[in-house]
Every structure is written in C-alpha cells, then in structure tokens.
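Visitor: Protein chains in written order, with the UniProt record's numbering: chain A, 1 to 332; chain B, 1 to 410; chain C, 1 to 289.
Just to be clear, a hint being listed does not mean it is correct.
[Said to hold, decoys possible] So the derived label-pair ranges between C-beta atoms look like this:
no. : chain 1 : residue 1 : chain 2 : residue 2 : range
1   : C       : Q170      : A       : L15       : 43 to 51 angstroms
2   : C       : S54       : B       : K175      : 38 to 46 angstroms
3   : B       : I407      : A       : K134      : 22 to 30 angstroms
4   : A       : L25       : B       : D348      : 46 to 54 angstroms
5   : B       : D358      : C       : F140      : 52 to 60 angstroms
6   : A       : A202      : B       : E209      : 55 to 63 angstroms
7   : A       : T197      : C       : V75       : 41 to 49 angstroms
8   : B       : E373      : C       : G131      : 53 to 61 angstroms
9   : C       : Q170      : B       : S260      : 49 to 57 angstroms
10  : C       : V75       : B       : D348      : 54 to 62 angstroms
Because the hints were derived from the structure by calculation, they are not lab data.
Where is the CB? At the ideal position from N, CA and C, for every residue including glycine.
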Amino acid sequence: MKRIFFDRRLYVSLLVVLLLTFPFLMGQSSYFMGLVVTMAIYAIAAMSLNLLTGYGGQVSIGQGGFLMMGTYSTGIISSTLGFPIWVALPAAGVIAALVSLVIGLPAVRLKGHFLAVATLGFGLCIPEIALNWKSVTGGYSGLPLMRPEWASSDLAFFYVILVLTFLVTWMLMNIANSRLGRAFLAIRDSEIAAAATGINVAGYKTIMFMISAFFTGLAGGLYAYWVQYISPNDFTIMASFFLLAMIVVGGLASIWGAILGAVLFTGIPHFSDAYVGVTNLVIGVAVVLVILFRPAGLVSLVGLIKPGEKQRSRKKPTEELPVRSLEEADNA
Amino acid sequence: MFLIKKSWKRWAVLSSLAVLFSTSPVWGDDGGAPQGVTEAEIRIGHLGPQTGPVAAYDKIRMGIQAYFNYVNERGGVKGRKLRLIAYDDQYQPGRTVQLTKRLVDEDKVYAMLGNVCTPCNVATRPFNERSGIPMLMTSSGSKQFVEPPIANYMGSSLANYEFEARVLTDYIATKLKAKRVVVAYQNDDYGSPLAEAAKDALKGYAEVELVGEVNFQAADSDLSTQAQRIRQANPDAILAFSTPAPAAQLKKALYNIGLSEPAFLVSSVGGDSETMFDLAGKEVWNGTISSAVLPKPDQSEDESIKQYIEQFAKDYPKVALADWGQTGWAAAEVLVEALKRSKTLSWDDFLSVFDSFDNWTGSMYAGVSFSEENHYGLTSMFITEAKDGHIVPISQPITFDPVTGKISGG
Amino acid sequence: MGQIVVSGLIFGCVYGLAALGLVLIFRTTGLVNFAHGEMAMVSSFVAFTLLSSSEFSYYGAFLAAIAFSALFGVVVFWVLIRHVSQASHLNQLVMTLGVFLAVHGAAGLIWGHTPTSFPRAVEGKPFSIAGVFITPNEIFVLVTTFILSMILFVLFRYTRVGLAMRASSQDLIAARLMGINVNAVFLVTWAAGSVLGGIAGLLTAPFTFLGVSMMFNVLIMAFAAAVLAGFVSLPGAVIGGLMIGIFGNLVSYYWAPEMALVCTFALIVIVLYIRPQGIFGEAQTMKKV
C-alpha cells in the first residue's frame, strides 16, 4: 500500500511541476496556455459531473448549461455590477448551485432517462435564455469582460486558473472520499438500501446537484475571465454531450478519469483542426472505441501498466431501471 | 528499485505528452521579413464554422482556397505561393479567441481574411488590435469593425448592415410605395442588427408604418406561426433579414397560407442566390426582391466571374457555385491586389496601400474603395428580383459614402 | 388558432414517428438511442442520392431508403450495440452519443453543409378547409403517421414477433427460457426502430431542407415526446409528439417563438414532477434492492 501511495504522489507532483513550468516550456505561448486552460476548465466541469453521475448515479446531459450560467453570472457581476473577481467567481458558483435546485428538486423524484432528458432540456434552454434576455445578457452581442489589473496578462491568469484547478481537484477528491462521497455511492448502488441505512436520499441528491453545479459554474467563470468575452454561442448543448462522454471515456467514479477525459477531448481538436471537418468524426470514433474496448474508461489503462495494483474501481453504476443483463439470462 | 522502475513509465508518458505538444507547427521568422512571409510562401489565416448548424459559411473558406489555387497555378504573388490556414471555430467566440492566438502566434500568418461571425470577431478584436495583424474583409456587416476606422481592420466582405437596411427600406418606401411593413428577422447576430437598423430607417418615412415584427431562429424549420402573425398584421411589404434556409421557410410558410400578395424583400445573405429557387420552390420564390453585392454566376460577362466558375467547379465539384464561395473569392481578390501593390510587404506598408483603392473594379465586386476615413471597402450594392429561376438585377449600383453618410444611385 | 394547431400537428407527427422509434428500441433493449436522428438523416441523404441519380422514382427512392434504414439499424446494433448490451445504461447512452458524433461528422464530410431541397411525397398547392390552409403533402404526413402507428400497434400486439418483443422487454431470462432468440428480437427491434426514424427523416426533409443538422431539433423533440410517453408507451409516443408539436406552436404564436423550446421543457419538468413516470408510463416498482 505504501508503495502505491508513494507512486501516486510522485506521479501527481510530476504533473504539477510540468503544469507549473508549462508556459516556459512552450515559450509563453498564449495559445498553448489557452489549450491547458481549456483542459483545466473542462476538467473541473468533468470532475463535478463525475461526482454527480459517476459517484451519485444521476445522469445529467445539461452541465453545459451550468458552465454558461457561470460565464454569464461572472460577466454580469463583474462587468455590469462592477464587483471584483474574488466576488464574481464564487458568486458564479453560488448562482449555478441555486439554479441547480430547479433541476435538482424534480431530479429527486426522477430516475434514469427521465432525469437525463430533463437535464438535456436545461442544457438546451440556458443558451436560448441567454440569447433572448437581452437587457441582462446583451443578447447576441454578448458581454465583454475585463480581467483585474494584476491578472491582465495571459501568463498571470494562467497561474490563477492552474492554482484554482489544483484546489478544486483537491476539494473534489476529498468530497469523493468523505462521508458525503460514500453516501453518494450508496445512493447510486441502491436508493432503497441507502435509505434503509439512514441516508436522507432526497437531501443528498440535492446536495450532489448543488456541489456539482457550484464547481461547474466556477469553471464557467474562469473561462469567461480567460476569454474575456461572453456569448450565447459558447457552451452549447454539444458541450454537455462532450462532458458526459468525457467522464465515461475517462472513467466513471474516478477523479483521474474525468481529468483524462477532459484532456483527451480538448486535446483531439488541437491535432484534428488542421483537417477540415474531421474533429467530430475523430471524437465520435474515439468514444465508440473506448467504450467497446475499455468499458471502464481510459483510467483502467493504469491497471495495465501496473499489473500489481487492482483498479480501485467502484463497480459500474447500477441501472435505475430493471436490469436485463444477458449474462444473467444465460446463467439462469 | 520498484519505485524507479515504475516512475520511468510516468516520465515516459509525461515526456511524450510534452513532445506531442511541442511538435505542433511553430515557424521562426526568417530575418527581417514580416511574419508569415517566406521565400516560398505567404501564409494567410481564416476562421469560420466548418461544422455545426451554420457550417454553410464554410464556403467562404472554399472560395478563398479556390482563388489561392487559381493564383498559385499562375505563379503566385511576388514569386510566392499563397497558403491558407483555416480552423473550425464552430461559431463559438471562445474558440475563435483561442484559434486566433494559434494563427497569429503559432502559425504566424501574415494576415487574416474573411473571418466569419460577428460575436467571434467582437471577441477577438482586442487581441487583434494589440497584435496589429491585418484583418481583411471581415465577413460581418457590423459597423464596429470599420467605423470608426481601426488601423488594421480593412473592409468587410458583406455589405454594411445599416447601409443594406437603408437601401431596402428606401426601396420599399419610394419604389414599392408600401404603407404597411412587417420586419421579420433571424434572432441572432446577423438578423437582429439589420432589423434594428431597418426599424430606425423606417422612422424616416412618415407615410410608412411598421405594423409588425416577427423573429425566428436560424435552425427553425417550422415558421408557420410567424407566417400566421404576419397575416394578422396585414402588411403590403415584408422585409426579411435572414440566412437562406429560414428565408425560404418563411416564404414557403407564407405561400402555404395563401399569402403571396405582399412584396417580399430579403437581405443579400438570405436572398441573393439561385439556390433559393431550389429551397423554396420556383413558383414560391418568384418575385422576391433582394439586395446584392455580387453579380450572379450565370449572368455576368465579368472576367473574374468566369475565372471563379471554372476554378471553383474544378476544386469543389460537389458544391454549388452560388453565394458564399463568391464572397470568399472576391475577398481573396482584394487581398491579392493589395499584396501586389505593397512594395515591402511590411504590415505598415501593406495596410497603407489600401488607401490607393479608389473604386477598384478588378474584382468581382462592383467597386472597392478605401481611404483614411473609409475602411468599409465595399460601398455599393444593387437591387435584384427573382424571376423564373434567375436572380435579375433591377437597379443600377447604389453607392454609400461613409464619410458623408449619403446614399446615391439606384 | 386552427391554423396554428394544424401546423403543430404536422410537426407533431414527425416528432411522434421519431419518438416511436426511440420508444420501440428503449422498450425492448433498454437503450436510449442518441444516434436515432443522425441515422435518419443518413437515410434521407441516401434517398436524395438515389433521386438525383434519376433512375429512381420518388417512391422507389423512398422504399430503398427505408430498406437502407433497416440495414443501417441492424449494422449499428450488430457491430456496436450488441457488445455493450451488458454494460451500464450510461455506457450505452454514451456509445450512441459517439455514434451520433461519428455519423454527423462523416455525413458532413460526405455531403457538405449547404442545405438543399428535398422533394415532397405528394406535390400540390395548398388548399383551404374551413379557413385552415393545408397542403396535400401535409395530409400525406398525417395519414402516414396514423397508418404506421396502427401497423406497429397491431404488430406489437397480435403477432409472434411482437409477442417476443414484449416478452423480452418484460423479462429477458424468462424470454430466453421460453426459447426466444433474444438477439434476433433485438435485431428486429433495431431494424424497425431505424425504419421509423428513417421515415420521420424522409418526412422531415421537405420541411427543414436536407442537411446534416436537420434531425437535431426533431431528435430533441422526440426525446421530449418519449418522456411524456414514459419511454414505454407506443401510442403515448405519438400522442406525446402531437402534444409537443401543438404546444410549441401555441407558445410560439401567443407568446414568442424563442420561448417555444424553453416552455416545452418547462412543461416536461412540471409533468415529470407530478408524474415521474411520464403521462403514459406505468409506475415502476423497484425490482432490485
């Protein structure tokens, strides 16, 4: 156990060092910093979704909506109302969390595919509202946003985002391994059993939604500050699709899985953009292949490199609907 | 030992990751030459949606590429080949910002040509103003990129929205003598500013009344409720600002509820193409009035149109000739002419030669003019009417003077 | 008012047909197919390609495209879905998302992104009945939807294949024990579901124009309809589609077109809050603890 622990720490510190020195390795290229920033922002969003879906078993196809909520909240609070960044960012998270109650409350009653479609609706409606609520959002012309003086250079803000990403990752890891995380897993595996052991299922589900929305909103706020422009065209429903695919391809119920997924999905366009119109095809094929050959996600590849270590997987989420496994049928 | 053995695998993963990133194209400048110009080539950047619901604009890229191929087959410009580097921004400003950095900082393009999408261009403007990269023939008719003039923004490949709105409203009021007008617009960065400009312009005509307003989305496929609302308003002219598909949907929906009486006018983007007959149906589209900046492929004796038809059909045999391909081609013509006129190709010199364009007619456009106060480039358009499967010009060129704001001709 | 309802009905039919395919596949195999719309889009393009080669009449192309839909469904099931039938529903869902992206991307590369017109099944000018205008093609859409749902209902209810489908959807183990070849049943289901989607695509194309993004909105609305149908009720899917078509149009006319989507989903959330199993769904008892 100790060896593995050491191993993981080494791995993490290498990654941290690489990221911290990254701008200088790349000659302070704004583009490459932007690439890492995009990965970081999607990683935060994917980790939050993984908490909800991977740990809690609640499928959401509307997380892009929370990202957009985050961008607009930040823009309105900072640009329109003139609050500083350290107010705007947390506020973006809080607003997203409060809005998630709208989805979270019915979600307490909804199961499986019903929840999926309800959240899908949310992801579709947020851009629509942003486009049409012109007095607040600026409609199609969007909102410009200025970074604070001390973080006006891309380099400075890169480090802001990096540090916050580390922080959020650490927090989410702790949540996942806490009482809260174990309660989520219990709810995912069986709501009835969870309730029987004294877990307040409805309450925990609501908390799950709020935590996930909070961090996703925060990620959206960071994105808004990075791009310094907010529009209803960013984070369309496709962003929600991609986030869901990220956590499944990366690995459900795994913080590292979410990060891997985010890196993969934001990394692919960097290489495929040079060829006209192939990005969706490449991503689609990658998703299909991973699910066919690594159903537990890319994170399960770690198990291949380290045959000694059993994957700390927490078995697949159980279906909300009656199980119809062919295997079972055969064995019967 | 174990620790070392295992950790080198991590190192391998991380370092290969680093190699992957660093293998992206990064070119150095060769001493003194401006960014993006080498002995062999001149690199030009372009951003627009290549996939997604508005990917029809990708034809602008094809048009540019076709003209670059045409020029390269004839020896290039100043002995250099033109190379187009284009990325898919999916009409998302966040991506455009990121890809602009890629084009300017990593690919080191010399200039950007015909970038699509108004909000995307708004988002990238601060960065572009700082870098000073020449932004040519931006594919947006929004005034903010040309008025007041920005040093490195030269021209737009679409007619200016306010100019176009004024031309169409003037036609309604003075030629059609309509009294009751409905404005129908696509609720986005294209249709909304045009509709606002048109509503402003209509206030200038005491005898014309705005009796209704409907909007729709670019992806809407059912415009029957909009048609119904228009019927309620009982107009004698309908002014639509829209991209092709919804324009055709709207006209069809109006036709289907028996409303073919009122005059139907569409902005150039949505009406100035023969594919409209195909989309809406020949009988349905007949009689539609539109504004236009480029002559139609089938009706012009213009030399550059002939070249366009030949080259575009060769390079993109499966893509229809009309509309956006022409836009890209015409924008590229302006770029190449400016490259030819520039002596040193330094950005300063290159941007200054634009002032020598005084109603230049060497391109597909009716005339291209730039001056210190005028960065519009494209200041003339004409009115067309849909007749029996053709879009026929029915007016002389109408010209807009950005300095005085006056419109003349027609 | 009449006009608004009628045009809502027409689009409702298309949503209903697409939802019918979704529900059929879900009921029997337990999978929500995100690629449903894109597969239908490909079928429409196949019909279009056949039509432009001009050796096919409209109905010839129509039938060929339907045959293609069935084949496409079978291939997708056999090559991809079959292998994840034991995986979690989330994996299955993301698998179909992957297919959605791949098919969408490939179609964009093959057919480009410029919308083109697609011929109507029945040509003819609009005429007016009691002040409501309708085109012969719209009547064709209504009639087709009605007939198809009737056929499906009868098949599902009274034939051996339908019985096998229902058996498999109720209890896989028992179905196996009764000698039902479950894979074959799934195969037939996928073929039938894809055909329904394909027909929805062929009916949609004249309205929306043929393009690679044409089925996205239809798919979204079909999901909404499927939810109202509780994801299990076949007649519910069609009725749900019609309800959503009409409701969206009413909102669009009496309030604002941009509110149609928002209100539709708000309606769904409210409906689900009151009846978590959908209007037409049966309350589900939890089988597994």
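Visitor: Run through the hints listed earlier and report the numbers of any the structure violates, in increasing order.
Guide: Per hint list: single violation, 4.
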